[in-house]
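> Okay, here's what each chain looks like letter by letter:
There are 2 protein chains.
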Amino acid sequence: MTLTLDRQPSARQAQERRVFSFSPGPAVLPLPVLREVQRDLLALPGAGGSVLEISHRSPAFDAILAEAEANLRELLAVPADYRVFFLQGGASLQFSMVPINLLRGQGLPATYILTGTWGGKAAMEARREGRVHVVWDDADGAYARVPSAAELDLPEASSYVHYTSNETIQGVQFRRPPEVGDSPLVCDASSEFLSRPVDVGKFGLLYACAQKNAGPAGLTVVVVSDEVLERCGDDLHSMLSYRRHAEKGSRLNTPNVFGVYVFLLMTRWLRDEVGGLEAASARAKAKTGLIYDALDADGGEFYVPHAEVASRSRMNVTFRLRTSELEPAFVAAAAERDLVALKGHRSVGGFRASLYNAMPMEGAERLRDFMLDFRATH
Amino acid sequence: MTLTLDRQPSARQAQERRVFSFSPGPAVLPLPVLREVQRDLLALPGAGGSVLEISHRSPAFDAILAEAEANLRELLAVPADYRVFFLQGGASLQFSMVPINLLRGQGLPATYILTGTWGGKAAMEARREGRVHVVWDDADGAYARVPSAAELDLPEASSYVHYTSNETIQGVQFRRPPEVGDSPLVCDASSEFLSRPVDVGKFGLLYACAQKNAGPAGLTVVVVSDEVLERCGDDLHSMLSYRRHAEKGSRLNTPNVFGVYVFLLMTRWLRDEVGGLEAASARAKAKTGLIYDALDADGGEFYVPHAEVASRSRMNVTFRLRTSELEPAFVAAAAERDLVALKGHRSVGGFRASLYNAMPMEGAERLRDFMLDFRATH
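Protein sequences appear in the order of chains A and B. When we follow this note's numbering, the leftmost residue of the first sequence carries the number 1, and every step to the right adds one. When we follow this note's numbering, the leftmost residue of the second sequence carries the number 1, and every step to the right adds one.
For reference, chain A alone in the conformation it holds in the complex (with noise of 0.2 Å):
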């Protein structure tokens, strides 16, 4: 793919092709949103230049930030004594803030849950900085399925319990937190966040990057209550400390501005145009059950689902086909179909079909309507 530089622009854009894209993220945004970037990226209306120019101390990020963070906590209910940062580094750089801030020098073990592969990311990295006790690994179980209140055998106390609220990668999600009890919970909810609504007065530090539900890839979004920062060590790298984070208000450094803007207008989105949170979970779950039920309705004869019912996610569903000779075939055809970033995480195999919030229920459908083809035809 080459891309050219033409100082002429056309009417070209007209003519290219949007697909359905049901990639893991980065991840389908919604097309309004995406026009208002277009018409105002040469010019912000009011600030003179485009949103990638401004500066992040102008007042046209002022307001950008802070009608941000009032839309998160608006759509998320996010109690007064909690704090909003937009940082960078995605999730990942999360996994070791977390323990950096939480674990080092504690003397309490952190508890992490494994459900998937990502949250054993976040406890490798942890163990850097701390003793690290796992409740929770169902690795032999390939993570097809979330732990029961009564299978977590939590210990008395913990500098902080994570979880992964939703494993992109195995498609299984927790349908409410777990009760952890005094100890404070610390969630990444990378891949469901902005999805279904929460109680975050139950977390002592949430997390997610942007590129799935939210926004673009290069941003991340912590919520943290102010019991939980006080918390958190002091005398730390200032860019890996959420103290100074908090004392800066999410610039502490320049942020990503164009992604705090985009992350705006999708909270935008989601309360005038989806209808706010509720209405988000209702429509994953209206999404992703065309095509569980599909893969019930097959019986596992055809297309095998990777996540136990229960645990089944709303964001991504999982699953193989029993023959997987015609795995190939199954991704040709449906790219003719132009539903495309099926295919499953290497560590899976088979498929996984991200259907986020700005993915359209003409998607799911699509989708649905391939996949029954498919089995017909094979």
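Check each hint, because a few of them may be wrong.
Note: identical chains are not told apart, hence a pair may lie in one copy or across any two.
[Claimed, not checked] Straight-line distance between alpha carbons at most 25 Å, and here's what the computed DSS-like set of lysine-lysine pairs gives:
#1 K343 / K285
#2 K248 / K343
#3 K248 / K285
#4 K248 / K121
#5 K121 / K285
The hints are simulated quantities; they were obtained by calculation from the structure and are not laboratory data.
Once you've looked at the hints, dock chain B against the given chain A.
Same frame as chain A, but now just chain B:
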């Protein structure tokens, strides 16, 4: 400022004004680059969707990343035994990553040359990882100049020697890298990156945020020699480890896809429109020359330059008014002529005109004319 979500994109943008922004960063971008971003925002040719939606593992992004790196290597003549990473977190995260990788656990101290605010911040983070030896700190002289070679009393051996090639806030710039013997030279090139040729072979590691001369905020470029990579500590937090990034070539986790894309367009523009870094350097000299000439012609009667002549930055021109009471009037009158973001950093006061790669000559001429007029009428 309120942004409205408009689902019927209109021709409004044509009416939006673009002013001349002398912001120290994020800063102005070339109009042809912005136009191309705008044109392809809904669907990148051949990618099936927006650059904001494509996977960082997609063929489209493979091509973007490969060409961005190739163009950078061509523009800067990066030797084959150097690696290039596109990271997140700005120069500020590099202030920590450099000593975490190259000072922690080493026997030798790190040497820092402080010629302004940013070098001081870098040294502060380094002290968390080991001994820091400051060989030059002209804070008493308000950082108005860089040291001569004779003034730098460097220790025989250091873990590395760090300096800031252009101090954005004070407007002082090294003409050439300091000679540091066998110790690896580490350079924060943030505010002069890609504004002139540099002999990359003289550096062990060179880093820069993109939002001044090379792209939008949220992208950091690191160029590091294989030799220095080998000196880096191991067993570090993955996201903070240059070795881990080297293994994964900018994709240890999801990079700022959009930032790399705009960086790619910037490198094309620099090569094809500007004519390479020698030409960029000549442009920078011509643009800042207009302003410095105006300051020199004044002879300190009305305008007082901050930086000493031999250390003047070709990026950020710093000055104040002899009569500081006139400064608000200067800002207001400049804004009336669409010349904005001229206020100096609070630590230096007065004014700062940043004239990065994308500032057209017309902007410099308009500023010069305004300065002459303002002097004549006050």
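> The structure should be examined with respect to each hint, and the outcome stated for every one.
Cross-check of the supplied hints:
Taking the closest pair of Cα atoms, K343 and K285 come within 25 Å of each other only inside a single copy of the chain (22 Å); across copies the shortest separation is 52 Å, beyond that limit. In this assembly of identical chains, K248 and K343 lie within 25 Å of each other by CA distance solely across copies; the values are 21 Å between and 41 Å within a copy. When the C-alpha separation of K248 and K285 is checked against a cutoff of 25 Å, the pair qualifies neither within a copy, at 38 Å, nor between copies, at 36 Å. Taking the shortest Cα distances, K248 and K121 sit within 25 Å of each other only across copies (15 Å), while inside one copy they are farther apart (29 Å).
Taking the shortest alpha-carbon separations for K121 and K285, neither the intra-copy value of 28 Å nor the inter-copy value of 49 Å comes in at or below 25 Å.
In this structure, the hints that do not hold are numbers 3 and 5, in rising order.
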